[in-house]
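First residue of the sequence shown: 1, per my numbering; consecutive thereafter.
Keep in mind that the hints were calculated from the coordinates and are not lab data.
Yeah, the Cβ is synthetic: ideal placement off N, Cα and C, and Gly gets one too.
Treat the hints with care, since some could be wrong.
Below 30 Å or equal to it, Euclidean Cα-Cα: the simulated DSBU-like pairs (lysine-lysine) are [stated by the list, open to error]: (1) 958 - 872; (2) 852 - 958; (3) 852 - 960; (4) 872 - 852; (5) 924 - 872; (6) 852 - 924.
Have a look at the derived ranges for each label pair, beta carbon to beta carbon [said to hold, decoys possible]: (7) 44 - 648: 24 to 32 Å; (8) 474 - 320: 50 to 58 Å; (9) 429 - 461: 16 to 24 Å; (10) 487 - 509: 47 to 55 Å; (11) 820 - 764: 49 to 57 Å.
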Amino acid sequence: MTAPFLQPGDPSFPPAAWPWLAFIALWLLLSAWPLRAQTYSFRNYAQGDGLQGLSITALFEDGEHVIWAGTELGLHRYDRERFQRVDQTSGVDSNITAIAADAAGRMWVGSVNGLYLRERSRFRRIDAQREHLSIDLGNNIAAYRGGVAVVSRQRLLQVRPDEAGDWEIAPLPLDGAAADERFNALFAHNDTLWMGCGERLCRRDDQGVLHRLGADDGVPADRWVAFFIDRQGTLWVRGLHHVLSRPLGESRFRLHPPPPGSTLSAHVSGTNLAADARGRVLTRSDEGLLRWNGQDWQAFVHGPGSGLAPNIGPILVDQANHLWIGTRGLGIQRWLGYDQIRHWDESQGLAMAPTWAILRSLDGELLLGSDGGGNRLDPAGGRMRPWTADDGTALKQLLRMARQDDGTVWLGETSGRLLRRDPRHGGTSAVATLPGAILKLAVAGDGTLWIATRRGMYSLPVGATVPLREPQLPDAAFNDIALDRGGRPWTLGSAGLFRRIGDRWHGVDVHAQLPSREFTRISIAQDGSAWLAVAAAGLWRGNLRADGALPLHRVSDPLISRIMPYVLAHDSRGWLWVGSSLGIDVYRDGRWVRVTQNEGLLWDDTSEGAFFEDGDGSVWIGNSKGVSQFTDPLQMFAIAPLRVQIANVRRGGQPVHDGQKLLWGEAPLELDFSLPGSVTGPGRTHFRYRLRGLQWQWSRSTQNHLTYNLPAPGSYLLEVQAMDEQQRSVSNVATLSFELLPPWWRSRFAWLLYALAAAGLVLLLLRWRTRHLLARERELQQLVAERTAELERDKSELEAARAALSFTAHHDELTSLLNRRGILKAMQAEIEVARAEGRPLAVVLIDLDYFKQINDRYGHLAGDAVLARIGKRLNAGLRGSDRIGRYGGEELLALLPGLSPGAGSRLNALHQTISSTPFVIDDKVLEVTCSVGVAWYRPGETLEHLLARADEALYRAKHKGRNRIELESPAPSA
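Based on the provided sequences and hints, a complete structural model is requested.
Below, the structure written as structure tokens:
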């Protein structure tokens with residue numbers, strides 16, 4: 001008989017079991033919760049990035065390293081951080097099912113509606129003779145014997161060149177295949193064709209015989225959907241539920257089940273196999289991605305904070321080792337910094353950022369200091385563990401760490417607390433509290449610990465227990481310490497730059513025009529050169545002279561000149577790492593590169609001094625969100641050369657090719673540029689271009705599209721170059737030459753016709769001139785006599801016409817008043833007189849009330865008659881110096897020099913001249929009134945300002961009911 005289970009409430013339940021139960025409960029809780037060892041960065045592409053259709057069916061890289069994506073809505077081409085849909089004018093349809101290349105590198109695209117072959121910039125549909133060709137969804141196009149093999153409606157077809165130079169489509173013969181055999185995936189290797197046959201794996205040998213593989217070959221029943229050959233020649237096969245491999249030379253397949261927590265069950269279109277630059281095979285799982293590391297799978301799982309999308313479909317690793325991930329319904333992801341950069345942040349247990357200090361202990365633990373406390377990175381699980389002092393206090397704002405040769409790790413906090421981590425048992429305890437924040441710790445070649453603080457420099461020689469202040473250095477802030485090749489310290493700060501020689505500190509005389517004398521960062525290169533930063537943008541470099549002076553020169557790189565370095569450190573390779581708020585810049589062998597979030601950095605804003613080079617050559621950088629590890633820094637410089645192409649040139653909707661002769665016309669030239677194989681962040685690249693024959697200076701643009709309105713006929717050469725400022729690289733110069741032919745009437749043949757016609761015309765003119773020369777001579781004598789009489793008459797008529805013309809040039813023909821030009825000219829002259837003599841000048845704007853009604857009711861002839869009689873009345877009433885003119889339409893302008901602001905009678909008389917007596921036109925009596933606005937010249941004002949004030953007064957007169965006089969407001973004093 002078995003004893004009953006003990007319950008915690010049972011009196012016999014042992015008290016000592018409580019801690020064990022708590023431990024087991026905690027272990028179960030942690031085991032059930034998925035912990036991520038590190039995070040990664042992704043760039044997501046959706047509709048806003050040009051994708052029209054977010055369910056990705058295929059990913060493909062062509063021979064020019066251009067990335068293509070197939071979706072249910074069409075084919076897309078990647079260029080400059082965007083996808084561009086290939087429209088139907090290029091020949092390809094929507095609903096893409098497969099993309100592949102044949103042995104010649106030609107690109108084939110399958111869709112529900114056909115098979116397409118890319119020829120230059122267009123796609124040509126390859127039609128079957130008797131039926132509609134539809135390519136099944138999946139890996140159903142494979143390079144095969146000069147063409148391709150395809151699966152259409154689960155049937156196996158071969159597409160090959162025919163004798164006429166075109167393509168023929170025919171069923172692929174299969175000995176041993178059933179009449180109703182159905183196929184679902186293809187892969188060709190040499191002359192062997194692999195395929196899925198229902199739930200069997202099949203192979204067609206070079207004799208056309210079909211072999212079915214089963215359990216005896218290590219192949220379980222499954223729907224096989226993808227194949228891949230790795231660099232060792234191993235054949236990999238992917239099914240819906242299994243992944244198999246068959247090494248080169250073996251006959252049986254090996255099964256590779258997914259790791260715990262990952263499953264293979266979901267059927268996702270486009271499922272495939274790929275390999276990265278290290279040859280590691282990748283494929284999708286139901287939870288994310290799997291990567292084969294030679295012995296087992298490494299799982300990358302979708303989850304909160306992981307960044308990895310769910311529902312992964314096709315994947316692609318391009319020639320630059322960029323990992324592209326297609327999804328079902330979520331577009332495309334690009335893994336930023338794949339296999340190069342990984343991160344830790346608070347979601348992995350890291351204390352609250354920024355992360356300030358990073359160091360590895362001799363026992364292999366990575367130690368980190370952040371604003372929120374300290375951490376130890378568990379080497380086995382990759383999880384950040386809390387790190388506290390022995391007394392339980394948190395290591396708050398742990399700014400700096402340094403390690404001595406015996407493994408002792410020294411820690412410095414903002415509070416000024418100096419701590420020591422014992423290498424024997426890992427305990428961490430406080431040693432001293434210094435009066436200022438600890439800004440830098442460094443262990444010199446002789447083992448002395450140097451401590452830079454905001455209140456001076458301190459040292460702790462080997463064997464000493466209490467740090468001592470350096471009396472040779474001022475009581476000032478020291479921001480950084482660097483060691484030269486001999487292990488001797490240099491330090492700098494607000495008091496200047498110092499270096500230690502023997503047992504003494506010596507000031508360094510810096511020769512440079514610096515924007516600030518507050519030195520902030522220093523690093524000594526392997527060649528002895530010193531690199532310095534100050535409290536201003538830029539970086540300076542120099543070599544110490546024999547007399548102890550240090551001449552500095554500003555680093556001329558345009559990006560470096562715009563940053564303020566927070567990190568400045570040389571690694572063991574001699575590379576210089578410069579961190580700022582804009583990311584990381586690395587200098588190697590005369591070349592700079594920049595890494596930002598667009599390349600996979602966790603965050604661009606780096607933390608001051610947060611740099612550590614690990615023993616394996618990787619580099620750790622702290623930032624405002626956590627810490628990033630550059631696992632393979634060399635990859636930062638493994639950047640494909642920037643290459644620009646003039647991808648698409650059209651004029652009037654027709655393609656234009658290099659060297660083409662274009663007919664003359666008004667249609668503009670439309671050009672598109674592309675950067676095949678270039679994967680850049682937003683705004684990183686721009687273009688410069690010029691059209692030689694039209695311009696010699698380069699123009700710049702961030703757009704990859706140009707429109708040229710073609711000038712005169714001639715020969716032209718378009719030159720285009722791309723520039724990536726972040727990587728400090730320029731592309732080749734792409735060119736396009738063309739000739740714009742002249743119009744037919746300017747062609748050589750036309751000019752020949754013109755010359756012949758001109759010669760004939762000259763001959764005719766000579767004959768005509770000879771024939772008429774004598775007759776003309778006879779006529780001349782008579783003409784001279786007649787002309788003399790005419791000249792006399794013309795002289796008198798000309799004088800009369802000149803007088804009339806002078807009057808007409810300045811007077812209105814209808815009213816005989818001055819016209820607009822005449823009255824404005826007179827007004828300017830009166831203004832000059834008023835300005836010089838100081839006499840008053842009144843400007844009067846007169847508008848005939850409701851004059852349009854007279855025109856509409858009685859006709860324009862009646863209106864013209866009224867205007868003519870008004871002009872006659874006004875002319876009759878003018879004083880000697882007054883001027884009046886027709887300002888426009890029914891609007892008149894009067895100038896009354898000498899009229900003071902108080903002389904209202906003259907204005908009333910002018911108003912009554914128009915309004916008091918009706919006009920009789922064709923037995924019709926017309927009552928005409930007017931509105932008057934008056935303004936007086938003010939010293940210094942312009943004609944326009946004076947007219948504007950008169951016009952404002954006129955507006956008020958009309959607004960108050962018309963038939964009245966309104967003076968300028970406020971009215972001037974008399």
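Here's how the hints hold up against the structure:
1. 958 - 872: holds, 24 Å
2. 852 - 958: Holds - the C-alpha atoms of residue 958 and residue 852 are around 15 Å apart, at most 30 Å.
3. 852 - 960: holds, 19 Å
4. 872 - 852: Holds: residue 872 and residue 852 sit about 21 Å apart, inside 30 Å.
5. 924 - 872: The given pair, whose Cα atoms are some 19 Å apart, holds under the 30 Å limit.
6. 852 - 924: Given pair residue 852, residue 924 holds - Cα atoms ~17 Å apart, limit 30 Å.
7. 44 - 648: 24 to 32 Å: holds, 27 Å
8. 474 - 320: 50 to 58 Å: Holds, since residue 474 and residue 320 (Cβ atoms, about 52 Å apart) stay within the stated range.
9. 429 - 461: 16 to 24 Å: holds, 20 Å
10. 487 - 509: 47 to 55 Å: violated, 23 Å
11. 820 - 764: 49 to 57 Å: Since the Cβ atoms of residue 820 and residue 764 sit about 52 Å apart, the hinted range of 49 to 57 Å holds.
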